[in-house]
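Modelling step: build the complete structure from the supplied sequences, incorporating the hints.
Residue numbers (our numbering), protein chains in the order written: chain A, 482 to 836; chain B, 209 to 458.
Hints may contain errors.
Stated by the list, open to error - Computed from the model, here is a short list of chain B residues facing chain A with C-beta under 10 Å:
#	residue
1	K261
2	R265
3	I292
4	G297
5	M298
6	F300
7	N302
8	A304
9	L305
10	M309
11	P318
12	A363
13	S367
14	L370
What the hints assert, rightly or not - Below 30 Å or equal to it, Euclidean Cα-Cα: the simulated DSSO-like pairs (lysine-lysine) are:
#	chain 1	residue 1	chain 2	residue 2
15	A	K797	B	K275
16	B	K327	A	K610
17	B	K431	A	K797
18	B	K226	A	K589
19	A	K535	A	K503
20	B	K235	B	K275
21	A	K797	B	K226
22	A	K576	B	K230
23	B	K327	A	K706
24	A	K809	B	K226
25	B	K332	A	K614
26	A	K519	A	K497
27	A	K706	B	K230
28	A	K805	B	K226
29	A	K706	B	K226
30	A	K503	A	K514
31	A	K576	B	K235
32	A	K522	A	K535
33	B	K332	A	K706
34	A	K797	B	K235
35	A	K706	B	K235
36	B	K295	A	K797
37	B	K275	A	K610
38	B	K230	A	K805
39	B	K226	A	K576
40	A	K514	A	K542
I should point out that these hints are in silico values taken from the structure, not numbers from a laboratory. All C-beta atoms, glycine included, are put in the ideal place defined by N, C-alpha and C.
Residue-level listing of the chains:
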Amino acid sequence: MRYEDKTLYLEGALTKDTIAFKLEKLLLTEVSKIDLVKISKIDSAGVAFLDELKDRFDNPKIINTSDEIVQSMRIFSPQILPKTEEKIKENMFVKIGGLVVDHLVSVKNAFYLIADVFYWSIFGIFNRKGHRKGSVVQQSILIGMDAVWIVALLSFILGLILALQAAAQLRQFGANIFVADLMALSMVVEMGPFLTAIILAGRSGSAIASEIATMKVTEEIDALKMMAINPIRYIVVPKFHAITICISLLVIISTLVGILGGLVVAVTYLDLSPVAFLTRVFEVVKLRDALIALGKSYFFAWIIVIIGSYYGFSAKGGAEGVGKVTTKAVVASIFWVIIIDAMSSLIFYYNVKLI
Amino acid sequence: MKKKVKEAIISVRNLTAKFGEKTILEKIDLDIFPEEITVILGNSGCGKTTFIKNILRLYQPHSGEIKVFGRDVAQIEESEFNQILQKIGMLFQNGALLNSMNVFDNIAIPLEQHTNLPKSIIEKMVNVKLQLVNLENVREMMPAELSGGMKKRAALARSIILDPTILVCDEPSAGLDPITSAALDELILNLRKLLKMTIVVVTHELASIHRIADRIIFLDDGKILFSGNLDDAKKSEIEAVQNFFEVGSF
Ligand SMILES: Nc1ncnc2c1ncn2[C@@H]1O[C@H](COP(=O)(O)OP(=O)(O)O)[C@@H](O)[C@H]1O
Ligand SMILES: [Mg+2]
Numbered sequence: 482m483r484y485e486d487k488t489l490y491l492e493g494a495l496t497k498d499t500i501a502f503k504l505e506k507l508l509l510t511e512v513s514k515i516d517l518v519k520i521s522k523i524d525s526a527g528v529a530f531l532d533e534l535k536d537r538f539d540n541p542k543i544i545n546t547s548d549e550i551v552q553s554m555r556i557f558s559p560q561i562l563p564k565t566e567e568k569i570k571e572n573m574f575v576k577i578g579g580l581v582v583d584h585l586v587s588v589k590n591a592f593y594l595i596a597d598v599f600y601w602s603i604f605g606i607f608n609r610k611g612h613r614k615g616s617v618v619q620q621s622i623l624i625g626m627d628a629v630w631i632v633a634l635l636s637f638i639l640g641l642i643l644a645l646q647a648a649a650q651l652r653q654f655g656a657n658i659f660v661a662d663l664m665a666l667s668m669v670v671e672m673g674p675f676l677t678a679i680i681l682a683g684r685s686g687s688a689i690a691s692e693i694a695t696m697k698v699t700e701e702i703d704a705l706k707m708m709a710i711n712p713i714r715y716i717v718v719p720k721f722h723a724i725t726i727c728i729s730l731l732v733i734i735s736t737l738v739g740i741l742g743g744l745v746v747a748v749t750y751l752d753l754s755p756v757a758f759l760t761r762v763f764e765v766v767k768l769r770d771a772l773i774a775l776g777k778s779y780f781f782a783w784i785i786v787i788i789g790s791y792y793g794f795s796a797k798g799g800a801e802g803v804g805k806v807t808t809k810a811v812v813a814s815i816f817w818v819i820i821i822d823a824m825s826s827l828i829f830y831y832n833v834k835l836i
Numbered sequence: 209m210k211k212k213v214k215e216a217i218i219s220v221r222n223l224t225a226k227f228g229e230k231t232i233l234e235k236i237d238l239d240i241f242p243e244e245i246t247v248i249l250g251n252s253g254c255g256k257t258t259f260i261k262n263i264l265r266l267y268q269p270h271s272g273e274i275k276v277f278g279r280d281v282a283q284i285e286e287s288e289f290n291q292i293l294q295k296i297g298m299l300f301q302n303g304a305l306l307n308s309m310n311v312f313d314n315i316a317i318p319l320e321q322h323t324n325l326p327k328s329i330i331e332k333m334v335n336v337k338l339q340l341v342n343l344e345n346v347r348e349m350m351p352a353e354l355s356g357g358m359k360k361r362a363a364l365a366r367s368i369i370l371d372p373t374i375l376v377c378d379e380p381s382a383g384l385d386p387i388t389s390a391a392l393d394e395l396i397l398n399l400r401k402l403l404k405m406t407i408v409v410v411t412h413e414l415a416s417i418h419r420i421a422d423r424i425i426f427l428d429d430g431k432i433l434f435s436g437n438l439d440d441a442k443k444s445e446i447e448a449v450q451n452f453f454e455v456g457s458f
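Written out as structure tokens, the structure reads:
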């Protein structure tokens, strides 16, 4: 590399292995010509290097180029790309307004979805068209069988833990039998429905969201619409029916197994007889509690299906869009399960006289 | 021109389509005439899929009027629109077979949903359509087990199962080998001849355009750059159109 009379004489290979070194050594301020007569080889990095020099030194002339170099430059020179339009900076109020509008639109969509799902869940039963034959059974097996073992296992462990924690305290006061009260009420009213809902949100909620999202991005939803089939009826409603059937069974299993866990602790650690324990359990639990628990489980189930479908239908783009909405759906459904649980506690237990 | 006298089967007026703030199509007018094969051309991302999905109401147009079979699709009841949809077949870019069921069940969906035909008839009808697309031996396979070309052909079978009046194909030959692609074109021509279908095809393939196009619509930058028959297109003064027919790409 030589510099003389405002002309830069480049030598040797101008390739991705050599230009970094050349660029480092280049401390010139003014170049009006670049001579390439001694260049033996040039690649796309070399061309980019020349372009860089052009930018740096106010478009110097490039001289003594061989045919080969000219050709390389033709292929590798960046075309002048149109400048991306600069985004007009929105003012804060426009931005906030836009966000609010977006939010209202999604709330509106959510309500349409809820209305559609409930409408078709009820009226669709009487019409055999519009859904797949056997899909409710298939979905029930998918949702129920999938979850039943994990629900049972976790409920049992939870029952053990709850009873053990309480047992140490109760024993000090000789109030051993009250472990039955604790187990019965906490499992029936709270833990059974709640644990089941959380597991369903994680398993079925995510499965619903990702299934529908995949169908959305592969145009399967559009294909259904083109066949004059209502995607909500065809895809969501069977899941809605299935989860409604499954959750009642799962909650009952979870509650019973949880109490069983308590029974194990009561018998082994508190020296209670199983009969005494169970008698106490049935004394404590009232029908009202059981019905409230079952009732709120249905709401848990419905919110899981609806949130899963909502996020599924809102998927955009390709495979990465599916992943995104799946995560969102799980988080949102757990959030709403907790909110509904809190609300039902407030309504039914905050002031018992209320209902 | 005899054809121009015919009434358009699909007519689009002043159609504007947007995604958020981004305008994809701007004030498009287009008539599609019965029993013609209309080819929509344009480089990828120019809005061809958006265009046909707006026409078919899969997307909500930003503004403009769309008439199919003379009926304004924005005005009619859902039940009437569903009747119209049953007379339109659509082949999606990647087939869009339902992944949860096998090829046979996929093709049978429209029959099961919209007719009361007995199983034996449904089976015969599906088999005929499968033969038409040369896929008799994959009846029981799941979509995931098929190659891209097979998926498309199965999807084509599904889209014509109700013998529609209008068939819309979004890039039917993209990603197919030349032989399969030629066979598909042959099939499209036959459908038009035998079943008197009106066909709209989005494609890039010059060879395919030569084989099937009655009329060419050239989309560019949200507008229709050219509209006319193949000979006119070849003689066109418009640079982008000239370029395409010389080089076969954009
Ligand atoms: N769901 C969508 N949301 C936002 N932009 C989209 C969406 N679908 C397509 N686009 C954009 O619209 C333009 C046209 O897309 P498309 O109609 O699929 O093109 P083509 O079918 O001609 O290749 C592209 O720039 C694409 O990025
Ligand atoms: Mg497309």
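The hints, checked one at a time:
no.: 1; hint: K261; in the structure: 7 Å, holds
no.: 2; hint: R265; in the structure: 8 Å, holds
no.: 3; hint: I292; in the structure: 9 Å, holds
no.: 4; hint: G297; in the structure: 8 Å, holds
no.: 5; hint: M298; in the structure: 4 Å, holds
no.: 6; hint: F300; in the structure: 4 Å, holds
no.: 7; hint: N302; in the structure: 6 Å, holds
no.: 8; hint: A304; in the structure: 4 Å, holds
no.: 9; hint: L305; in the structure: 8 Å, holds
no.: 10; hint: M309; in the structure: 8 Å, holds
no.: 11; hint: P318; in the structure: 5 Å, holds
no.: 12; hint: A363; in the structure: 8 Å, holds
no.: 13; hint: S367; in the structure: 8 Å, holds
no.: 14; hint: L370; in the structure: 8 Å, holds
no.: 15; hint: A:K797 with B:K275; in the structure: 28 Å, holds
no.: 16; hint: B:K327 with A:K610; in the structure: 15 Å, holds
no.: 17; hint: B:K431 with A:K797; in the structure: 25 Å, holds
no.: 18; hint: B:K226 with A:K589; in the structure: 20 Å, holds
no.: 19; hint: A:K535 with A:K503; in the structure: 15 Å, holds
no.: 20; hint: B:K235 with B:K275; in the structure: 15 Å, holds
no.: 21; hint: A:K797 with B:K226; in the structure: 15 Å, holds
no.: 22; hint: A:K576 with B:K230; in the structure: 17 Å, holds
no.: 23; hint: B:K327 with A:K706; in the structure: 24 Å, holds
no.: 24; hint: A:K809 with B:K226; in the structure: 26 Å, holds
no.: 25; hint: B:K332 with A:K614; in the structure: 20 Å, holds
no.: 26; hint: A:K519 with A:K497; in the structure: 17 Å, holds
no.: 27; hint: A:K706 with B:K230; in the structure: 25 Å, holds
no.: 28; hint: A:K805 with B:K226; in the structure: 24 Å, holds
no.: 29; hint: A:K706 with B:K226; in the structure: 21 Å, holds
no.: 30; hint: A:K503 with A:K514; in the structure: 17 Å, holds
no.: 31; hint: A:K576 with B:K235; in the structure: 28 Å, holds
no.: 32; hint: A:K522 with A:K535; in the structure: 19 Å, holds
no.: 33; hint: B:K332 with A:K706; in the structure: 25 Å, holds
no.: 34; hint: A:K797 with B:K235; in the structure: 26 Å, holds
no.: 35; hint: A:K706 with B:K235; in the structure: 26 Å, holds
no.: 36; hint: B:K295 with A:K797; in the structure: 29 Å, holds
no.: 37; hint: B:K275 with A:K610; in the structure: 28 Å, holds
no.: 38; hint: B:K230 with A:K805; in the structure: 23 Å, holds
no.: 39; hint: B:K226 with A:K576; in the structure: 19 Å, holds
no.: 40; hint: A:K514 with A:K542; in the structure: 5 Å, holds
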